[in-house]
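Produce the entire structure from the sequences given, and follow the hints as far as they go.
2 protein chains.
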Amino acid sequence: MAGTPRDRARARTMADIVRIGRQHLATDGAAALSLRAVARDLGVVSSAVYRYVKSRDELLTLLVVDGYDELGDAVDRALDEVAADDFVGRQSAIARAVRAWGLAEPATYALLFGGPVPGYRAPAEQTTVPGTRVVLALVRVWSEAYAAGRLAPPPAEVASPGLLAGFAAVREEIGADVPDDVVAAALFAWAALFGCISWEIFGQYGPDGVGDPEALFELHLVRLSAAVGLID
Amino acid sequence: MAGTPRDRARARTMADIVRIGRQHLATDGAAALSLRAVARDLGVVSSAVYRYVKSRDELLTLLVVDGYDELGDAVDRALDEVAADDFVGRQSAIARAVRAWGLAEPATYALLFGGPVPGYRAPAEQTTVPGTRVVLALVRVWSEAYAAGRLAPPPAEVASPGLLAGFAAVREEIGADVPDDVVAAALFAWAALFGCISWEIFGQYGPDGVGDPEALFELHLVRLSAAVGLID
DNA sequence: TCCTAACAGAGAGCACTGCTCTCGATCACC
DNA sequence: GGTGATCGAGAGCAGTGCTCTCTGTTAGGA
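For the record, the sequence lines run as chains X and C.
Heads up: the first sequence runs through residues 1 to 232, numbered per our numbering.
Heads up: the second sequence runs through residues 1001 to 1232, numbered per our numbering.
Among the hints, erroneous ones may be present.
[Claimed, not checked] Label pairs and their in silico Cβ distance ranges:
#	chain 1	residue 1	chain 2	residue 2	range
1	X	14	C	1232	51 to 61 angstroms
2	C	1154	X	84	21 to 31 angstroms
3	C	1009	X	69	54 to 64 angstroms
[Claimed, not checked] Covered stretches of chain C, going by a simulated chain X footprint (3 or more residues, C-beta under 8 angstroms):
#	segment
4	1021–1032
5	1103–1114
6	1188–1199
7	1202–1215
Simulated from the structure, these hints should not be mistaken for laboratory data.
Just so it is clear, CB atoms sit at the ideal spot from N, CA and C, and this is done for glycine as well.
Written out as structure tokens, the structure reads:
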């Protein structure tokens, strides 16, 4: 793709670093991610890696962005197979895609949605854009459902007027005419969905786990649709 | 409490180690927890700490147990101030106590409910008992509410019969006569509650955050009661 | 074509980590 | 009083992130 062979070699090395980093992330977890180990697997001395990656934190950021991208792609692929007016189906498809991806890549999922890695703060300017893909996909479903008159959340008294400060992107996407309780219901569903998924992936259901996590998740999806007010 | 002065000194040193460890946990996070730094703050050389704590993982386990205990105490204190038959109030009190404690101790909260710390697996035999205090408190509320005829979750087709394998303690506590959809609703509420709290504490609402997180949480509580089927 | 400057990797080194070992000093108990 | 367990200090090993210097290579301009 790029001009000089040096450029191509650099791009390939860069991709190798991310690939090896993801492998180590999957096997050892986020905080055990070691630039030296990546260098060893790359067949190179540790200081050479610093020609490509400024620091361990920057490698983490690369992996965060990579993870968001992959998750976003998985969600988009899942949405392609559901009719545009099947809003319950679309929401469920997003949820199932996130869960499946998280179960397949638990370490990356933990990096994105688990507790923050100590001493590491994801730089907002690089991660927010790909990081909002999932929630934007959800918001799009809810927004379209509302426009189609297929979303009527059970009202909960919305008191605070400044409740939805921030969320500029989401607010813009969902449309200014959507009432606040719909937005509140959406935020609840968003957090609750990731709560269900994280609970399962992080093993909070206990050492024995639940008998049939897939079936339980499907039940959760039904309650989730009800909570957000989606009409089938 | 203890016999020889040596025993008392040991107990005090042990408590100091946990206290200093919690301080470092709060300031630096879980994976940055360093036995050497704890030793420095304790005014002792690093190898001396190994007389008290077998490894860094064991210190983490101590902090996990400590955190579960403190959270459980906070929940119990909150429950003391709500009438026994105010089931919605009791569930909300538990939820607010967890949220308040998590906001006050985000690092410990992350240690308990965030992604797993790399390379560290909490030993089940020591952590499961204090770790179930919160969910058992929730289950008690739901169980009593069901017995009082004040819990009627919107049904979601419960298909899989082996869905609730595991959960021996919870099953025993909630009673065998509780139908499966109530248990499923409880599991949903449990995971969704911690999803809402984690979402806020881990900053997933975005860099700008939400305008009034406290008010939003109260709205979430209303939806949570509705989802679990609690009748006010 | 040659020269220069950017680049890539190697290696040493610093400060830190978890953890183990040995060696005196102290304490509890017989 | 003697004795064995305990405690702390210190050295040491292997690993980490990261910086520095040095050498070889490559790309692009004169």
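### Message
Using C-beta distances, would you say chain X covers the segment 1202–1215 of chain C, given that this needs three or more residues below 8 angstroms?
### Response
holds (count 12)
### Query
Does the hinted range 21 to 31 angstroms hold for residue 1154 of chain C and residue 84 of chain X at CB?
Given about 27 angstroms between the Cβ atoms, the range holds.
### Query
Mind checking, does the segment 1188–1199 of chain C have 3 or more residues with a CB under 8 angstroms from chain X?
Per the Cβ count (10), the hint holds.
### Task
For the range 54 to 64 angstroms, tell me whether the beta carbons of residue 1009 of chain C and residue 69 of chain X fit it or not.
Between residue 1009 of chain C and residue 69 of chain X, where Cβ atoms are some 55 angstroms apart, the hint holds.
### Query
Is 51 to 61 angstroms right for how far apart the beta carbons of residue 14 of chain X and residue 1232 of chain C are?
58 angstroms Cβ-Cβ, so the 51 to 61 angstroms window holds.
#### Entry: Annotated coverage of the segment 1021–1032 of chain C by chain X, confirmed only when three residues or more have a Cβ within 8 angstroms
holds (count 5)
### Query
Three or more residues of the segment 1103–1114 of chain C near chain X by CB distance under 8 angstroms?
holds (count 5)
The structure meets every hint from the earlier list without exception.
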